[in-house]
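A.B. asks: For this one, chain S is given, so just place chains F and H on it according to the hints.
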Amino acid sequence: MSRRVLTMFMIIFVIFLYAPTLLLPIFAFNDSSIISFPLSGFTLNWLKSLGAAEELRKAAGTSLIIASVSSIIATMLGLLATSATVRYQFPGKGFAIGAIMLPMFLPEIIIGVSLLTVVLLAGFKLSIYTIIMGHVLICTPFCIAILRSSFQQLDPSLEEASLDLGESRINTFRRVTLPLIMPGVVSSLLIGFTISLDEFVIAFFLSGTEPTLPVYIWSQLRFPQRIPSVMALGTLLLILSVVLLTLSELLRRRSARRLDQKATSGAL
Amino acid sequence: MIKSAQLDSDARRGLSQISLPLAFSVLLLAAPLAILLAMSFWTQDFLTLDRTFTLANFKETWTSPIYRTLMLRSLKISIIVTVLTVGLAYPAAYYMSFVAPNNRKAMLVFLITIPFWTSYLMRIFLWKVILGFNGVVNGSLIGLGFIDTPLDWISYNQFAVIITLSHAWLPFAVLPIFVVMEKVNRSYLEAAQDLGDTPFQRFRRITLPLSMPGVVAATLIVFIPTIGDYVTPKLVGGPDGLMIANMIEIQFKNANNAPLGAALALSALLLVSSVAGIFVWLNRRYLKAEGAA
Amino acid sequence: MRAVLTKKRQAGLCRTMIKLSNIEKYYGTYHALRDVNCHINEGEFFSLLGPSGSGKTTLLRTIAGFEEIDSGTVMIGGQSMVGVPPNMRPTNMVFQSYAIFPHMSVAQNVAYGLRSQRLNKAKTAEMVRESLGKVGLAGYGERAAHALSGGQRQRVALARALILKPKVLLLDEPLSALDRKLREQMQSELRRLQRSLGITFVLVTHDQEEALTMSDRVAVMFEGQIAQLDSPQALYKRPASKRVAEFFGAMNILKADILEVKGDIATTRIEGLGVANLAFNPQPGADASSHYCAGVRPELMTILDDGAMAYDKETPATVTDVEYRGELTYYDVKFEGSDTPVVVSMRNTSNRELREIGQQVRIGWESASAVLLLD
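Residue numbers (numbering that gives the first Met the number 0), protein chains in the order written: chain S, 0 to 267; chain F, 0 to 292; chain H, 0 to 374.
Simulated from the structure, these hints should not be mistaken for lab results. Ideal placement from N, C-alpha and C gives every residue a C-beta, glycine not left out. Keep in mind that a hint or two might mislead.
As the list claims (entries may be wrong) - Below, in silico cross-link-like pairs of lysine-lysine (DSSO-like), each with a Cα-Cα straight-line distance of 30 Å or less:
id, chain 1, residue 1, chain 2, residue 2
1, S, LYS92, F, LYS182
2, F, LYS287, S, LYS92
3, H, LYS18, H, LYS236
4, S, LYS124, F, LYS233
5, F, LYS252, S, LYS57
6, F, LYS287, H, LYS133
7, F, LYS287, H, LYS164
8, H, LYS120, F, LYS287
9, S, LYS124, F, LYS252
10, F, LYS287, H, LYS122
11, F, LYS233, S, LYS57
Claimed, not checked - Residues of chain S placed beyond 10 Å of chain F at every Cβ, according to the derived structure:
id, residue
12, PHE41
13, LEU63
14, MET103
Unchecked claim - Here are the in silico distance ranges between beta carbons for each label pair:
id, chain 1, residue 1, chain 2, residue 2, range
15, F, VAL25, S, TYR128, 16 to 24 Å
16, H, ILE264, F, ASN102, 55 to 63 Å
17, F, PHE132, S, ASP30, 19 to 27 Å
18, F, LEU19, H, ARG128, 37 to 45 Å
19, H, LEU181, S, LEU164, 35 to 43 Å
Just chain S, with the same shape it has in the complex (with noise of 0.2 Å):
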């Protein structure tokens, strides 16, 4: 009973969460400016009117400098805090750790605000940079939750022997951790990537001049008739998410069986 009761609970919830997504595509291709039902027909226009947009492509191009930067940076502070934390004991780790993760778990504008008063204090001015600063902050902790799960499946024996045959600490990172633990790594900067690229909070408060795809969406909310356009736009991100998800999840699957895991849910 109750088996076919969760399972009917559980196919509604799936419809449910993904229902409103659903709109964006319908939408997207939908011959008419306003957004309702009945739909009027198929176009592509909203989809051109993209590639005309000036400062989407602008928009485009700082989000993604940032969301790579971001992200390499994020993966880099992650591997060396993982590294740290799953291999070895060291007063202050709890605190270290809580520290680090941290931004996980506060409101982003508590982040956004924060920084932009620093920001404001010493004068500097608002830019590129302050973003990336505040999304290596809020990334580093999903990635380490992604990197953990690299780390703890590999067996440190395979460490110690690399040492024991005569290899430097680097070169064994290098030689034989890396090549690893390579599919987390390559899942960390996917995942960091994807963040940075949606994050709006923080980029709303510490963009300046050079506002970030989520930004430039935002402007454009206000504008009822370039409500359809927007809609093409959100398919868009839609499709390159799931594509970036896709390829994370199968390297993970990948890494879990080279590893000689079971594959399990390692997202979080």
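C.D. replies: Just chains F and H now, kept in the frame of chain S:
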């Protein structure tokens, strides 16, 4: 002797590796938070800062009706959203972990994860598209002839904020609960049944208490950020649905009163942390009581 | 207790506690249990012995009610268990991982199943104390579950199951996680506990020594089937098949031809040993087309000294290898007309000298110690 020397070198290695990420987080999070705290005790007159210590900003935050209303409303919305999301996420996670066949688990996790990473902004905005005056619901209902004038109770109010936020945070709540449930040793469940529990008793005495850490994590992951949500109230809240984050933004940007904004932000953080703390404490008591029963 | 049981059994007074009939179980296309039939008697220490994948755990879980079988019936205490969930069965289980609830103290774990009996606090506490005392954990009630050692966990699991006074206690490889010394200690403790309580114990194990030392009867399982069900002595002395024989200690396997069967005596030609009359009682499943071989345990053959006491049979052989093992010496010998090396173990005594490789010897053996084995 050898062992302690080993530990020391391990500790050194660990410390040296953690130092960089820790420094980054101290420099970009702890220090800014400290400065934010300092700022909240200052005053600003247009563009000049007065750095004399004052509690005026906090006094205003906690006594002025408008801020108090916003603060309590944010807390209320946040609590309702948390209860809704965790309440809906729990059976979903339960299904994924205990009912779904093993070979379908990875697929389900993936399904739940996708919305997790799709643009937050777009997901919120879609609800404006759905619930708005000219939105999908109203437009379609009028177009189909069910109603003549748009339903006004479905948008630009707290109801819309609650629906939208709950939907946006659902996947965030499912995953932590699922992860904890997956770690529950299945032989505990069999042992409980073997010792005479009906499936319901077994759920109450074993599954629920053992999955509680996941519920706590989900609650914190949803509750703390939603109180500071900026996008949702701005897009679907209307004047009645605005929350504290919108006021913080106004103080920092338009009103040029960063100190008051800082006081508001820190007060909100304090409020949410205390409520979260009380929740964690209550949960401990529940677990203790469950063990004793 | 044991003597009483044996007498009861002889008088046919032993009541059947568990009756398994025609049990079939599939996991998808994998045939996990094949037509399993057996009776387990009241007050008996019964073991299911087999290698991993033999279906022994599945069978135990079938009795507990955790596995749904595809056909067949399970009766416990004369009642059919069809559709009876585990919580309603008169059985309790000690899990392989012990499954000690991590969020409860030892006492809370032990009292877990008492809740439905709605006892008052004092009564519950008393029963918990008593049950913990029985397993040698008096005074451990307030310990946290995670603070226990492996052996202690197992005792808690035992106390938790026994406090409910089950008709049958099921044990799923309960000793496999313990180190050797602790395992041996627990073996005798379990045995003593079972005798004093008189409860039917059903133990799953892959360790033949464990099964032999602890059980009244053992069912040896291979590939989802019971290959032989007998007392430990009978299993060791008269294994029915080559596989069972090899599962219990060393056995020399020799080719055999049955020349003639008269009642339960088969005149058999054994490779290298010649013709002998062997006991013959075909097991269920064997038929006219079954192939047999002969088995002799190494300790049941002797290298005869000159003028030693007479054996039923004497066969000349050549020593091909000598392995000195302190208490015993193992000799590899070859009989005339046979290439199969045969192992003979000899107890070392102060006046017995080791034989040398290449030496011609006479091997003494009894036709009663050779057994016909299903190939």
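A.B. asks: Decide, hint by hint, whether the structure agrees.
C.D. replies: Results of checking the hints against the structure:
1. With a CA separation close to 24 Å, the supplied pair LYS92 (chain S) and LYS182 (chain F) stays within the 30 Å bound.
2. For the proposed pair LYS287 (chain F) and LYS92 (chain S), the alpha carbon gap of about 28 Å is at most 30 Å, so the pair holds.
3. For the hint linking LYS18 (chain H) to LYS236 (chain H), the alpha-carbon distance of about 26 Å falls within 30 Å, and the restraint holds.
4. Taking the CA atoms of LYS124 (chain S) and LYS233 (chain F), the gap is about 26 Å. The hint holds against a cut of 30 Å.
5. Among the hinted pairs, LYS252 (chain F) with LYS57 (chain S) is consistent with the structure: their alpha-carbon atoms are about 24 Å apart, no more than 30 Å.
6. Straight-line distance between C-alpha atoms of LYS287 (chain F) and LYS133 (chain H) comes to about 27 Å, which keeps the hinted pair within the 30 Å bound.
7. The hinted pair formed by LYS287 (chain F) and LYS164 (chain H) meets the criterion: a straight-line CA distance of about 28 Å does not exceed 30 Å.
8. Taking the CA atoms of LYS120 (chain H) and LYS287 (chain F), the gap is near 17 Å; set against the 30 Å cutoff, the hint holds.
9. Simply put, LYS124 (chain S) and LYS252 (chain F) have alpha-carbon atoms about 15 Å apart, close enough for the 30 Å limit, and the pair holds.
10. Distance restraint check for LYS287 (chain F) and LYS122 (chain H): the Cα-Cα separation of roughly 22 Å lies within the 30 Å cut-off, and the hinted pair is therefore satisfied.
11. At most 30 Å may separate the alpha-carbon atoms for a hinted pair to count; LYS233 (chain F) and LYS57 (chain S) meet this at roughly 25 Å.
12. Interface exclusion of PHE41 (chain S) from chain F stands, the closest Cβ pair being 18 Å apart, more than 10 Å.
13. Distance check on LEU63 (chain S): its Cβ is at least 15 Å (rounded) from any Cβ of chain F, clearing the 10 Å threshold; non-interface status holds.
14. A beta-carbon of chain F comes within 10 Å of the beta-carbon of MET103 (chain S); the shortest separation is about 8 Å.
15. VAL25 (chain F) and TYR128 (chain S) have their C-beta atoms about 19 Å apart, which keeps the hinted 16 to 24 Å range intact.
16. Distance hint check for ILE264 (chain H) and ASN102 (chain F): the Cβ-Cβ separation is about 57 Å, which falls inside the suggested range of 55 to 63 Å.
17. A hinted range of 19 to 27 Å for the beta carbons of PHE132 (chain F) and ASP30 (chain S) is consistent with their spacing of about 22 Å.
18. Separation of LEU19 (chain F) from ARG128 (chain H) is about 56 Å and departs from the stated range, judged on CB atoms against 37 to 45 Å.
19. A hinted range of 35 to 43 Å holds for the C-beta pair LEU181 (chain H) and LEU164 (chain S), which are about 38 Å apart.
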